[in-house]
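From first to last, the protein sequence lines stand for chains A and B. With the numbering used here applied, the first sequence covers 23 to 155. With the numbering used here applied, the second sequence covers 135 to 628.
Quick caveat, the hints were computed from the structure, so don't treat them as lab data. Everything hinted at is true.
Cβ pair distances, simulated, as ranges: (1) A/M23 <-> B/I539: 50 to 60 Å; (2) A/V115 <-> B/W580: 25 to 35 Å; (3) B/P515 <-> A/L39: 45 to 55 Å; (4) A/A74 <-> B/L166: 47 to 57 Å; (5) A/L100 <-> B/E618: 29 to 39 Å; (6) B/F145 <-> A/L100: 24 to 34 Å; (7) B/N534 <-> A/L39: 35 to 45 Å; (8) A/G82 <-> B/S156: 55 to 65 Å; (9) A/A123 <-> B/L166: 30 to 40 Å; (10) A/R118 <-> B/D574: 39 to 49 Å; (11) B/L166 <-> A/S80: 45 to 55 Å; (12) B/S484 <-> A/V48: 29 to 39 Å; (13) A/T110 <-> B/F238: 15 to 25 Å; (14) B/I169 <-> A/I89: 52 to 62 Å.
A few chain A positions that, by computed beta-carbon distances, are all more than 12 Å from chain B: (15) A30; (16) A33; (17) P76; (18) E88.
Ideal Cβ positions, reconstructed from N, Cα and C, are used throughout, including at glycine.
In case you want the letters, here they are:
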Amino acid sequence: MVLLLSIAAGALFSAGLYLILRRSLVKILIGIIVLSYAVNLLLFNSAKLIPAHPPLISIGQLSPPEIYADPVPQALILTAIVISFGITAFAVVLVRSTYKALGKDDINLMHCTDIPCESSEVSTELEKEGSQK
Amino acid sequence: MIALPILLPLFFGILSILFWKSLKTQKLLSILGTISILTSTIYILLFVKENGIQAIQIGNWIPPFGISLVVDLFSAIMLVIAAIVAFSIACYSQKGIDANRGKFGFYPLFFLLLMGVNGAFITGDLFNLYVWFEVMLMASFVLIALGSERPQIEGAVKYVVLNMLSSTLFLIATGLTYNLVGTLNMADLSINLSKVPMQSQVTLIAVLFLIAFSIKSAAFPLFFWLPASYHTPPVTVTALFSGLLTKVGVYTLIRVFTLLFITDIQYTHLIILVISAFTMSVGVLGAAAQTDFRRLLSFHIISQIGYLLWGLGMYTQQSLAASIYFMVHVILAKTALFYVAGIVNHIQGSFDLKKLGNLYSSRIGISIIFLIPALSLAGLPPLSGFFAKLALIIAAFKTNQYAMIIVGLLVSFMTLYSMTKVWNEVFWKEKKYENDTKDDTPVSHWMLAPTILLVSIMVVYGFFTEPMMEIALQASAQLMNPGEYIQAVFGGTP
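Excised from the complex, chain A in its bound form (with noise of 0.2 Å):
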């Protein structure tokens, strides 16, 4: 089980990468999704994944039960997943007015913060390459 959760947290972080690597924002963002349920996944990996023994103590004793579920990972993937969802909420909504404000998705073409775009040359050259994609 371990192995496959595994296999399955490494998965999602290359789908990740790969996604975020892209120049579309919208695949970013869905980059950034994918990246968050990674590491949900790898925390839930965490600690040993012990079945049908919570960590509960039993009337009458003093300490839990020999073998038990470790239930701090749950409770950080849950703080995380909690956290995740605002930033993406945020995320969604920058994406959507910087399609408003810029009308374009692509990041190549977001270079007015660095390069100032006075320098028309180097925008048109940009923009001539991205029509013809």
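Got chain A sorted already, so can you dock chain B onto it with the hints?
For chain B alone, kept in the frame of chain A given last:
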């Protein structure tokens, strides 16, 4: 008591959301709030200096099972300087933030950002640190995009994507740490990481943390998001970010690499040293090529981050003390410089160095409050920047790093060069382009007062180097000896 720097911003943040409709009340609250935060942090600093490291356990769980909040001297210093910057931002924003941005929640976000920053300084738990980082990032994401101007949106995209990636890496490293050691309490980790049988795994995780925090603190070669985004929002927001955000990254680097990952110093700290050399030089070379006031200053942030990491890379008591001293100096100088950029923009209506000029003859006072932090940043005596660099170089001589000393001095010289460039372009040269702005535009006291405040604190800080250095040395002694930290968390029974 030590939870106050988290609770107060939360309280004032909620309060300013309640007064959403009334911008006036929010502005008043921002000043009241930052003053109360400043008072509480100064009290904490004095208390910690007297009584040693303080720790509390959230929900009264016995450590290491619950979340601990720990304040040592280094955290306390960072809390105070963050509160000073916050107070000055609150003043500057009275006029520096337009009504549109104010109406859409600048002040609540400002307080939430402050809460995240303070939380990151105080927490003693690795996962909790992640949560505070996210609180801080979430607020900063909205702040950088607030206003939705074209360049702002573009900068925000770059900022958001790279910072999310860094958070992901941070979370991966945290998960792997839990897998390896089975705890996330930093004091407990400090004890148990050295007991891990396969030390190469610890080093691997250390490098993952290094990458994650290097993105946050904009170190070479992971700094590209910073000059692409920091100059797009209004100057108030940029000053806030430059004063606090990247410094939180450096703070966590110092915390993590003095408390947790000290098992393989020859490897990890050598990497930090090399990174610092490149960060310093690439940052300043980038700055030399800029013609936009804010972009130039953004590149200087990167260059100064290099100096801070240099002190960590040497890993001696003196070098860490120099880093701490440098941190306070650079936060004051940098924020003041951004304020001046905002004032210059207010007077002449541009950030482009080519379009500015001739301010010295018309506004001599503003020229002087630019010159002092600029020279201090370059490291001229008797200002604080000189003593900060001197302390670093003395520490480097003691560890025989002559190559680093040469790099450090050259970068210092280049900083002076690019500051003279700004001085020539903005203050001395005749204005080449005529525009319709008048040089005698009145500047609001709300913009001048915080700038003068920061500059004078910096000058006083430089004059009282001896006692300040004493505190920094005390703080770095605590950093070099994790036993004290561990004892404070576990209450005498480690």
